[in-house]
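Spelled out from the first residue to the last, the chains are:
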Amino acid sequence: MGITLENISKSFGKHGILKNLSLAVAAGEFHVILGPSGEGKSTLLAIVAGLLPPDEGKIFIAAREVNRVPAQKRGIGFVFQDYALFPHLTSFENIAYGLRTGSLKKKEIRTRVDRYLELVGLADHQNKYPDMLSGGQKQRIALARALATEPRVLLLDEPLSNLDACLQEQLRTDLRMIQQKTGVTTLYVTHNRADATALADRVSILHQGRIERTGSLKDIFREPETQFVAVFLGVTNILNARLSSLNENTAEVCVIHPGLKQNLKIKVKKHPVFHREKEFSLCIHPEKIRLRETPEGENRFLGRIVRIEIDGDTLEVMVDISGVKLKAVMPKTSALPLEKTVWICFEADAPHPVCEGCNRHPDYLRDCRCRIAGK
Amino acid sequence: MTRHTENFSGRPVSVVSPDDSRNVMRITLTRGLFFDLFIALTSGLFFSLIAVVLFAMVTTTSLHEFFHQLRSPVVFSAVWISLQTSFAVVFLTFFFGFPISYLLALNHFKGKAILETLLDFPIVMPPLISGLALLIFLSGDGLAGRILNHWNISLIFTKKGIILAQLFVAAPFFIKTAKESIGAIPKNLLAASATLSASKFFTFRRLILPLSKTGILAGLIMAWARALGEFGATAMVAGCIPRQTETITIAIYMHAMSGNLETSTALALVLMVFSFCSLLVFRAIFKKKRENGYYA
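For the protein sequence lines, the chains are A and B, in the order given.
Start counting the first sequence at 8; every next residue gets the next number (our numbering).
Start counting the second sequence at 34; every next residue gets the next number (our numbering).
Just chain B, same shape as in the assembly (with noise of 0.2 Å):
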């Protein structure tokens, strides 16, 4: 029931009546539970898939297998390797990543926007058409395979290959994170160290690198994340030769393919166990950081 009255200038108003106002509740209110449903609905059967299917994996095998699994050589080898090369590729990427962040940081120059373009390149180009490119550059014929023969120096098929195309796909990761991470220092903060005499380095030892520590952190644990699971790029540079270059993720797809789904499982379960570690470790920064109430 609606009464219509007149507003100041003369038109229409319609006015709902107290009688009336229950079933504009009633009527919100269903249309808020239809909402509501299906919000549920979609966020229950999109976290159900996750921990069935992780479920379902864990199932293929029992803990005396997964741990006899363990043991074997050919497990371990692979994830020795895959240890060593994200965690070469950690240190590369901090020590090469790091001033790259730092000058996209903090500078203005011409010609910054194509950086940053070619910086986003390797995080959104497929990693199999990365390995792809490294592997044509690399070869014997390739631009830089013919200096590096020259030099007796091999990297397709090698350990060093496998770095060499992680640090490729990881490195922009970690640069970018990093770099929001010191452009989020406020810009005052840089004044005020250079109006109290502080050199650059000074600055940057005193202020930049403690305010931006735990971007840092982050960048790197997303770019070992990221190296770990890396397949496309190194199965192209490094190949799948057993125990040289056979790295996780490899090993899991080379296993798998050949039937032998007991050691892929294990190998899963132990690649997944590091996720999950490198997961904790990040919240765990994040959590940090907001507890200190600044940005950093």
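Here chain A stands alone, though its shape is the one from the complex (with noise of 0.2 Å):
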């Protein structure tokens, strides 16, 4: 019951939104597809449930081409962003609704009605109208609805972005759970990270009409690889660099910024991106970077303590090392007073490079050699 895209391109008009954008999605998988706003999350999702036609490309929803049936017949399950829950209709309606087009009998409908009802949890509200339900009721109903046809394939588009930071974080929790129980292959689009951490098997990232990476959030978190994602990710501390110097196993690089006021150099692991003459980016993860009293590691630098912030039961340290600024994460106890300079320590396999080139252009376009991985 996979779903798999190849090669779908969607413009309208001249403004092209999505281009040659393929994915797998494996059954029973709950897949996010993250991006920024406008960047046709939406569009692909209406293409996989057969509301848009794609300009080019296949879809195979279960190992069959869909491509010329039509949304009534794809045995899908759509949650929209508004809910687009049927005014006139009360909640049990609603979800019989996709029921009563089948050769369900009344007792059967009104049996998995309940059901789904039950899973939803809001067995209470089966005679409300839309009107009278709270966003996040109204969001559980169009799930319930969705998801009481037994699709074979659950698509969600942003279904919790009208809800506030509370209720979505509980709803999270439910989708999460409701997905595991019934199994649904479920490709879920949506700008928001935390909805990515906290639902996905695998994120896909989105970008100009691209897949630009696909993986578990953790690893991609870690290894962005793409300044982009990096940026969109949240990654902080992307550093850009040139190459010095080159020896068997590491790397000597000159970080180039705009403010420093004194020559960076860093040593840092051997990646293949050194090949290339141009600029490229490091990021280092604030995990990596350790504060010290004392100069310690490959690479040390002495720098001073900018701003301190509590997150959680850590501290969010910034560094500022002559003009370019780092953060860093160290446990509460660690206490280290504003402006103090401390020794800013990191291994040489704390920087990973990130590489345009590699994503953007196919093999013959490339201006870089790199091959990072898995590519």
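Calculated from the structure, these hints are not laboratory results.
Any given hint could be a false lead.
Claimed, not checked - Pairs of lysine to aspartate or glutamate residues, derived as DMTMM-like cross-links and limited to a Cα-Cα distance of at most 25 Å, are as follows:
1) B:Lys246 with A:Asp89
2) B:Lys233 with A:Glu115
3) B:Lys321 with A:Glu46
4) B:Lys220 with A:Glu100
5) B:Lys233 with A:Glu72
6) B:Lys220 with A:Glu46
7) B:Lys233 with A:Asp89
8) B:Lys220 with B:Glu149
9) A:Lys112 with A:Glu100
10) B:Lys220 with A:Glu115
Grab the two chains, each in its own frame, and use the hints to assemble them into the complex.
As structure tokens, this is what we get:
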């Protein structure tokens, strides 16, 4: 019951929305497509649902090509951002709507609707009209309505974005639980990272009409590979660098930064990306930076603490190395005062390169020679 | 009294001192008063004109005279013919108009703009001209006339002719209203229906019809009122044969012209009652719609 998309392209007028997009979602997987607003996430979902025809490309649901199959017959469930509940029907009738299109008997419909009302925890709201429900309740009914037809594939279009933060969190938990209970293949699009963190088995990052990266969110976060993914996921500490010397296992790079007051050289584990002559970017995760009073490790620089913020159990510390600002994370117990000069230390394997060229261009147009992880 | 100060860019800025503020208030107030007076006067004039005209007509007759007229066969036949034809028009309008509104509301196709313009044409065209066109079309030498003659069907100077003339003039009102109301159904509801495996007919019956119900009803009432009050096209196509093709409006005109103001007034009052009733129903429908909280 997986979903496979092959080279999907779609444009509205001259405005290209999706460009040769390919994606594979495994059966039973909860797949989240993460991307900024206006990058064609909803368009992609509408194409999978059959509400929009793609200009090019093929759509497979459960290994069967469905390009010519209308939405009515694709066996999908769709949850809309604005719920799209039928205003003239009660919660019960909304959920029963999809069941009445088939050949189910009245009694079966009754039991099925009751079961799904129970599943979303709104059994005592069955006679209410959508107007009388809160946003969260509406979205639960919409979810029950989509699931009641027992679709092969569930598609969700930013279903939580109209709800407040507290409700979002609650519904995320429920959604994940319900998906695991029903085992339905789920494709979920959102611009909200928190949704991806809480829900996804795997995440795809959509950027400029293409899937820029697919994988578990943890992997993507650890090695964002492209600057866009890094910035979009909120990865901090991105340094622009230029290679100065290449050794057998390590490389020495020179940090280039507009505000930099002195020459800053970093020893880095050798990555294939360094064969490239041009500038590139490195990202260092805050966890990998240690702040010490005495120098240690392969890279050590003297810097000044410029900001300290409490984030749950940890402290986020911003340090300044002669113009370059880096974020570090440390436990609350190790209290370092503001404005103190400390040693900023990290190992050679801490910085990880991010490259724009690898994903953007086909092989023959690439100006880099990198082969980043698995590509 | 205005002081001049300088703002940050060094340009002088006028500041009204507290003493002046009352004067300023009074100036804006008087300006407002003039404006309000103007609004009140114009609207007062307009509404009193309506009231006075209605009142003038009512006073030309007495209650006794009115009921006497109602019982006369002339008045009775005119009202009966009008009701017959206008309800036939409502039925036909719904039957033929609804598929058209569905088509125009939910489909995009080439030439849609042309169809919509054609639909507007009977609305903006004086009914007299519509009637003339129909007359030419249906007459013995006309395009349809010859075919109809062949089958021995005559529409001119008959009730069927009245229905056709009224339909021509009134149907666009229904089609437009119904189209608006179907078009106002949020597109994602239709999409949701499709993702729930609903066929087009299922969606139509369970979603489109219930949600556009009030719009359709309102459109039918508008078409009915329009058919009832139709004069020009009807007179052209059906002539003014007493007790055969004489609708209320035609009878009012004929009797007024021949100096029989009592009959005219009685008929006019009947027509006014009908119009008023349709207005009440129309308003009731829209009030209910607002209370329901969703746009239908």
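*Could you work out which earlier hints the structure fails to respect and list their numbers in ascending sequence?*
3 and 10
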